[in-house]
Amino acid sequence: MKAAVVVFPGSNCDRDCKVAVERSTGAQVEMVWHTDTQLPDGLDLIVLPGGFSYGDYLRCGAIASLSPVMREVKAAAERGTAVVGICNGFQILCEAGMLPGALLRNERLKYVCKPVSLDIVNGQTRFTAAYQGRREAVMTVGNGDGNFFADEATLDRIEGDGQVVFRYRDNPNGSARDIAGIVNAKGNVLGLMPHPDRAFEQDLTSADGALLFQSVFASA
Amino acid sequence: MFLKPGVLDVQGKAIEAALHGLGWPDAAHVRVGRTLEFEVGDTDKAAAESKVRDMCERLLANTVIESYRVDVA
Numbered sequence: 016m017k018a019a020v021v022v023f024p025g026s027n028c029d030r031d032c033k034v035a036v037e038r039s040t041g042a043q044v045e046m047v048w049h050t051d052t053q054l055p056d057g058l059d060l061i062v063l064p065g066g067f068s069y070g071d072y073l074r075c076g077a078i079a080s081l082s083p084v085m086r087e088v089k090a091a092a093e094r095g096t097a098v099v100g101i102c103n104g105f106q107i108l109c110e111a112g113m114l115p116g117a118l119l120r121n122e123r124l125k126y127v128c129k130p131v132s133l134d135i136v137n138g139q140t141r142f143t144a145a146y147q148g149r150r151e152a153v154m155t156v157g158n159g160d161g162n163f164f165a166d167e168a169t170l171d172r173i174e175g176d177g178q179v180v181f182r183y184r185d186n187p188n189g190s191a192r193d194i195a196g197i198v199n200a201k202g203n204v205l206g207l208m209p210h211p212d213r214a215f216e217q218d219l220t221s222a223d224g225a226l227l228f229q230s231v232f233a234s235a
Numbered sequence: 002m003f004l005k006p007g008v009l010d011v012q013g014k015a016i017e018a019a020l021h022g023l024g025w026p027d028a029a030h031v032r033v034g035r036t037l038e039f040e041v042g043d044t045d046k047a048a049a050e051s052k053v054r055d056m057c058e059r060l061l062a063n064t065v066i067e068s069y070r071v072d073v074a
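Those protein sequences? They're chains A and B, same order as listed. Read in my numbering, the first sequence has 103 at position 88, and its numbers run on one by one without any break. Read in my numbering, the second sequence has 29 at position 28, and its numbers run on one by one without any break.
Bound-form chain A, shown alone:
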């Protein structure tokens, strides 16, 4: 069981992600720098962490999506490796074209930081199997640009194809159709705004995030 966390200049949840994956799953976690042109061998999971890569310049995630390491992340995803982008990582996956849609400024222009209740809309994915049919998970959001947007046709398509994985019960940022997390068509790339890495032990308000990481390794 092996995972890698990609570190971009301005990432600030990279260490949290490492500790969260290690403690949730016992997997070995390596840190990968954004200029690396090779990923460690035998990865079951790649995590793109939260933060403010490249200072959010131009658009959140835009410049990080062109980092040398992202070519390798794309190639690994095409080979079927699980990839999770959390918060800024979700923005990077959208900017890289690995997930549909984009993240806009929050509807009420405020940075939101609080625990949120999520509906687990699709419990059959590589990222949700360990929830074992549970319908709700609590994780913390912390974002200023977390307002998921896609055109109506794309929203209809991803809803129809089961690509919507998490929905907010009380939408904190104006996201279209309350969407908090989606997977790609193949089902091995997940992007979500809430932080499973801030919810992996009860002391952190919720341990529900641990199940997300455990799901990946249960199916690896």
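Misleading hints may appear alongside valid ones.
[As the list claims (entries may be wrong)] Partner residues aside, some chain B positions facing chain A, computed with beta carbon under 10 Å:
#, residue
1, V8
2, Q12
3, N63
Derived from the structure by calculation, the hints contain no laboratory data. Each residue gets a CB set at the ideal place from its N, CA and C atoms; glycine is no exception.
Given chain A's structure and the hints, the job is docking chain B onto it.
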């Protein structure tokens, strides 16, 4: 670059409300965009425009949410 019509421009809305508050109730349809100015080496205008359009498609604009216009001076 501007957000496409149909994409909610929350900054534009907030600024519009502030203009109303300052006594300009007729300020309407405020939209916030972004202008980038830079130089390229081409001497041919058409070549420069086509190069910059490529830059817009690949980096400068996110065409999921934004439209862009290129002016070559």
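Against the structure, the hints come out as follows:
1. V8: This hint holds: B:V8 lies near chain A, its Cβ roughly 6 Å from the closest one there, short of 10 Å.
2. Q12: holds (6 Å)
3. N63: This interface hint holds because 6 Å falls under the 10 Å limit.
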